[in-house]
Amino acid sequence: MNGWAVVKRTSFYAFVALIIFESVFPFYYALITSFKKGTEIFQINYFPTSFSLENYVGVLTQGSFAQNLFNSLFVSSAVVLLALFLAVTAAYALSRVKFRGRGLLLMTILSVSMFPQIAVLAGLFELVRFFHLFNTVWALIFSYTIFTLPFTVWVLTTFMRDLPVEIEEAAIVDGATPWVIITKVFLPLMWPALVTTGLLAFIAAWNEFLYALTFTSSNSTRTVPVAIALLSGASEHEIPWGPIMAASVIVTVPLVVLVLIFQRKIISGLTAGGVKG
Amino acid sequence: MTVVTATSLPAAPVVSSELTRQRTRSAMLFLLPMIAALAVVAGWPLLRSIYFSLTDVTLNNLAGAKFVGLRNYLTWVTLDSGRTIYSGVLVDPAWWNAVWNTLRFAFVSVVLESILGMAIALALNADFPGRGLVRAAILVPWAIPTIVSAKMWAWMLNDQFGIINDALLRLGIISEKVAWTATANTAMGAVLVVDIWKTIPFMALLILAGLQSIPNDIYEAAEIDGVHPIQTFFRVTLPLVRPALMVAIIFRLLDAMRIFDLIYVLTPNSAQTKTMSVIARENLFDFDKFAYGSAEATLLFLSILIVVIAYIWIGRVNLSGSDR
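Same order as they appear, the protein sequences are chains A and B. Position one of the first sequence corresponds to residue 45 (our numbering), numbered consecutively onward. Position one of the second sequence corresponds to residue 1042 (our numbering), numbered consecutively onward.
Same shape as in the complex, but just chain A (with noise of 0.2 angstroms):
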């Protein structure tokens, strides 16, 4: 019986070392490659032997990777705080205040989180051509709102409908409007349920790829998923490895850190939203 333990403790802690070590490879042997000098990049290493930022220094000085690096930062951003000022009043709405035909809004925001995108695209490119927004930032910060705001709305619903009647109850008595309840009275609350929803919206659109390589045609307007997938060498047959994986770095690192940080918010936002990962 002991023995028996024994081989169920330790098979345990394997299966548990497995499942570290499959969830972070990709990502370290990315680092270590990032880190190579010109063709020591061809040499296979399971060690990290090299500390080069060569890599580093080319991806971010030559072409137009700083650019694109800021195009993301900027969107993102202003998806967030579009999608969030948009879906504080419709959830304070949707969860506080009793109407007609309330679920059935509630399926049809839930639904367009589901859309496919492909599904809106040519309609959205005519927009966007209307509108003259083609390759610009502005097209992006204006399709993103199509997956941002419902999942925003949806959270930020959830939430407020969790809050006691009673704190709402003495504003009211007191005359106070609704804007104020809001304001004075909600948003204070909200500050768990805004950081997750936005943290969530924020690495949606930082991730976003149809989109932005749909509506942005030059160097200068791409987001950095788009300047990834399109960067090239020399030659068509070249592939510049190093810096594709210095430039994935760099785009991934600032995430899991946040990610790490935030970790319980966002489970607790992944679970209430069953937002895309």
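Treat the hints as calculated values from the structure; they're not laboratory data. None of these values were measured; they are calculated from a predicted model. Hints are supplied without guarantee of correctness; some may be wrong.
Unchecked claim - Pair ranges (Cβ atoms, derived):
1) B:S1254 <-> A:L274: 25 to 35 angstroms
2) A:F59 <-> B:L1073: 45 to 55 angstroms
3) A:L231 <-> B:K1218: 43 to 53 angstroms
4) A:F129 <-> B:S1058: 30 to 40 angstroms
5) B:K1218 <-> A:L117: 52 to 62 angstroms
Glycine included, C-beta positions come from ideal geometry on N, C-alpha and C.
Since the structure of chain A is provided, determine the placement of chain B on it from the hints.
Chain B alone, transformed into the frame defined by chain A:
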């Protein structure tokens, strides 16, 4: 996770009917910007895309679209010889190949993700030192942008300098280097591996949330009664975690059916992995068949709609996960 329906919401505090009317008015006002925004970015473009699929529109002449009915979907001409030639998306072998690829990909990835996600969730549900560390580690693939994970894996799977070929050669599993992403037989496998790696965290965490809501005394009772752990899993754990599992599966399924970015980057131009989204975008923007691509996008939309309706119908699953 709780249900959001009209009946389960707490009643708004009613002080007077005048106040209620005022609240309802301002609620409408608060909803208006959000509804308007969704109508502009989702509703209108969807209708236009469907309309485009019924026209002869081209990329450079969006305004000059003429209505042609269902010609992009299916049309036929009868030749003088009496032979009838069909054309359109519905008889296009490339389209049906993409449909098959999409279904195959969605089915295999969701099944494997559910099983592996369940295994990881069960491990994380146990109490052991360093559990927080493991939970942090499994979030790493989720945090990595899809394009970046596609590139990282493309490098690891590289035929000449990839570490996976090297490791498998050393272990004697393969006898010569394999071009994983470029070979017809392995391209879909490569896509599946990367997708499963990337989305397991989502699955595992959703299932874990379900597992953690199961009270411990049920397990204790089963143990006292001497129920075998495997039986406990199928008789106790699985039924109780089913609502959370079903929600996770539907979200993943819908996501897998519209997959685009991973395949576009990892296996470009491979007929073995081209999915409905990939082929639709190709026709829309690369081959100047805007109307044809719109028809394919519309068909994908309809397929997803059917899956959602069937899922709700069959599983009677509430999408907000409340039927526990």
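Status of the hints after comparison with the structure:
1. B:S1254 <-> A:L274: 25 to 35 angstroms: violated (45 angstroms)
2. A:F59 <-> B:L1073: 45 to 55 angstroms: holds (52 angstroms)
3. A:L231 <-> B:K1218: 43 to 53 angstroms: Since L231 of chain A and K1218 of chain B have Cβ atoms about 59 angstroms apart, the given range 43 to 53 angstroms is violated.
4. A:F129 <-> B:S1058: 30 to 40 angstroms: Once the Cβ atoms are compared, 31 angstroms apart, the range 30 to 40 angstroms for S1058 of chain B and F129 of chain A holds.
5. B:K1218 <-> A:L117: 52 to 62 angstroms: With Cβ atoms ~40 angstroms apart, the hint is violated.
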